[in-house]
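Residue numbers (our numbering), protein chains in the order written: chain A, 227 to 356; chain B, 3 to 700.
These are calculated hints, taken from the structure and not from any lab test.
Here a beta-carbon is modelled for each residue, glycine too, at the ideal position from N, C-alpha and C.
Keep in mind that the hints are not guaranteed to be accurate.
[Unchecked claim] Computed beta-carbon distance windows for the label pairs:
hint, chain 1, residue 1, chain 2, residue 2, range
1, B, 547, A, 326, 54 to 64 Å
2, A, 254, B, 531, 41 to 51 Å
3, A, 254, B, 210, 31 to 41 Å
4, B, 457, A, 327, 48 to 58 Å
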Amino acid sequence: MIRAALLLAILLGACAGPAPAIWVPDWSGPAVHARHLGDRGLEVELVAPTGGHSFDLCLVERPAGAVFVDLHFVHHTPGDTFQAQVVTPLRVTVDGTRLGDARAVFVWIATAEPGVEPSPEKLAMALARP
Amino acid sequence: MKHSFLRRSWLFSWVGLLAVACGGGGGGGGGTATASISGQVRLPALAPGSFGSTFPVMDPMEPGEVVAWLEPGAAAQDLASDDFELVRSGGPVAVFRARAAVGRESVVHGAALAQSAEFATCCAAEQMCKMHGVRCASPNYMLQATVQPNDTFYDKQWHYPQINLEQAWDLTQGSANVIVAVLDTGIVSAHPEFTGRLTSDGFDMISNPATARDGDGRDPNPEDNGDLLTPQGSSFHGTHVAGTIGANGNNGAGVAGVDWNCKLMIVRVLGRGGGSIDDIANGILYAARLTNASGQLPAQRADVINMSLGGPGGSTVLEQACNTAANAGVLIVAAAGNDNSAAFNSPGGFDSVLSVGAVDLVRARAPYSNFSPTVDIWAPGGDMTADRNGDSFPDGVLSCMANDQGQLFFAFENGTSMASPHVAGVAALVKARNPSLTAGQIRTILINSAVPVAGLPNNGRLVDALAAVQAAGGGAVTNPILVATPAAVDFGSNLTQLSLALENRGTGNLVFDSFAFQPAAPWFDGTLVDATPSNGIAEDRLDVTVDRTGLQNGVYQTRLTLNYLDGATPVSVEIDFRLQVGASPASNDTVFIVLVDPETLEARFQVQTTAGSSFQFAMGSITPGTYLLVAGTDRDNDGFIGDPGELFGAWPSLDAPQAVVIGAGDNLSGRDFAMEDLATMMSVGPQPGSRPVIRRLL
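I would like the entire structure built from these sequences, with the hints used as guidance.
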């Protein structure tokens with residue numbers, strides 16, 4: 227993951243427009259996977275350990291002139307409620323049109339406990355787009 | 003870009019093949035509306051080939067004996083000849099001794115297969131099949147006494163042999179007098195696996211109509227209205243859990259449950275968003291037939307409560323409910339939790355609750371399972387990120403399932419939610435075996451009879467259904483019961499030596515006779531260590547080593563049959579072995595599904611899938627046109643799929659790929675196809691140059 231982020235940063239640094247700093251993924255929550263879709267969209271999956279979690283896309287953000295797009299997710303945990311103890315993949319599909327012609331995608335996730343402000347976002351992954 | 007010339011030659015030859023098959027159609031043309039396609043790719047099954055006889059050479063048999071069914075009017079003595087000596091006959095069945103097998107050694111005593119008594123017996127049986135007056139014949143195989151249910155998908159329920167459930171079923175398959183309460187999301191009662199198994203006094207204890215999604219609060223209907231757990235739909239978690247405890251077994255369809263006869267009392271306490279302490283505590287009291295907020299009581303209290311649920315921290319109210327129910331005589335079993343943590347989890351962490359952790363297919367702690375010292379016992383919960391038995395399915399627990407559209411089916415799930423019902427089901431078997439046992443006694447039996455497994459946290463023990471049922475007493479065992487521990491062996495990609503402990507948990511004096519692999523597995527070697535050869539099976543051990551030299555990358559599987567004799571009575575046990583050479587194709591690989599232009603083999607659309615998605619794929623927003631559908635791995639990450647040493651496949655098959663014509667608005671499903679290991683194909687295939695390599699989308 228770290229290598230992916232560094233490579234991506236190098237890639238972006240060679241392009242016109244603003245480039246991000248060399249970010250290193252620091253997400254330490256449940257496993258997150260992503261796959262590119264046929265419409266050049268993206269499916270992002272958070273593997274929740276139990277029921278009661280939710281995973282929502284809050285914002286798709288692309289700075290003017292940037293070759294990358296930031297996806298901002300919130301992972302809502304169930305807090306102190308009682309839940310089925312079954313591993314539960316939570317998938318969110320981002321339509322290709324929302325990603326435009328961006329060459330890279332950064333997936334940011336904030337964690338929100340019930341009734342509490344979400345924690346600062348963490349970088350879960352950095353992806354080059356097909 | 004290594005091997006570029008080779009790639010180019012493959013590409014051209016495959017394009018030529020496809021141009022004929024497709025009439026030279028091109029991808030990417032057609033209308034403006036987009037389409038979709040979906041399906042599933044299968045991993046290669048690399049079972050080694052069987053020996054060259056129509057009869058299995060290595061199945062346990064009476065060496066030299068051929069059993070025949072005679073045509074009406076045929077006399078057994080007339081068939082005796084220089085080749086066949088009549089041993090005995092009665093009615094249409096006659097047993098002959100094949101003289102060709104006389105004097106030959108068994109393979110387990112060192113004979114080469116082609117010179118073995120077993121092979122000569124199989125050849126003789128084939129010869130006898132062709133004889134006038136013989137309707138059919140076969141080697142005189144020795145069959146197993148162990149119960150193996152005939153449910154359609156039982157062979158995918160690896161989690162039952164892991165806990166010696168088949169041998170336990172020899173002793174009891176449960177009793178309708180035992181009630182297991184399932185406190186969960188309710189149930190889809192229409193599922194045929196529950197026919198005749200539900201008590202009539204199940205209850206919906208969810209007080210909040212928004213959580214219950216059935217328009218009211220507490221009511222006597224525990225039907226699962228769905229919890230909308232994910233954007234893709236509801237979990238129907240309770241149906242899966244109940245199926246593991248008590249799906250109808252040996253009924254020729256679907257799956258088997260741990261207990262085939264117990265009654266299931268469904269108490270609905272989880273709904274949309276989970277469950278409250280109030281509802282769960284009252285559900286516990288209801289199942290125990292104790293005064294509760296609903297004002298209702300079941301006709302008879304449950305013997306066992308299963309709670310595949312949990313939450314962090316302790317709740318004195320919930321603990322009080324558990325303690326009260328336990329004091330009333332109910333055994334409470336609960337999931338240890340899925341936080342991969344040693345933190346306290348309730349209700350599993352309460353002293354009055356039997357807390358169950360989860361193991362994977364090889365009896366290691368599942369990566370999500372909690373492991374605090376309050377975990378009392380371990381059971382199979384699965385790990386769906388792996389396919390360590392190479393059956394092309396993720397290593398989850400298979401049980402009943404439904405969806406929000408009302409469809410009924412079966413699905414793999416993983417979690418301590420899946421481990422807990424295994425223990426609850428075994429508890430029901432113990433109670434069935436000896437109804438006089440109290441909940442406390444059953445708890446003690448389950449823990450004390452569980453088998454220690456190296457590597458489990460806190461000297462953890464895996465539930466052992468056979469040992470538990472035997473410890474229950476309730477009737478003398480009159481037959482020998484041969485048990486191997488572990489019941490399945492996975493050498494993975496690194497191990498070279500493992501040992502099996504062998505014991506007789508029944509009566510009699512078992513003496514080792516032979517062992518055999520089927521299919522033949524020359525890469526395995528076994529040595530029986532008989533510590534007390536004059537004293538039966540006591541302290542026997544089988545040391546097995548593997549030699550991967552010369553094996554292609556892939557997964558190899560075989561079944562070891564150990565044959566003992568109790569006097570003249572054969573007693574056998576089967577152990578599945580798995581060996582991996584090279585990297586795991588299942589646990590690590592990303593599989594790229596690509597629609598390619600059939601003329602240029604250029605990738606047009608692509609998605610990825612993994613074991614976590616059961617290698618299913620769905621590709622949307624496809625431009626109508628004609629394509630080839632291929633899948634493959636890119637283990638060397640060079641941007642090409644289909645390199646030597648990688649997996650590759652094409653729809654409908656790699657040998658005869660066909661064009662997929664996708665029209666505007668089409669939604670094509672069921673495009674399932676298999677992948678093959680190109681390393682294997684290249685070494686044995688007649689025309690390796692005809693294989694393509696596809697550049698995937700980066």
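Which of the stated hints cannot be reconciled with the structure, identified by number in ascending sequence?
none
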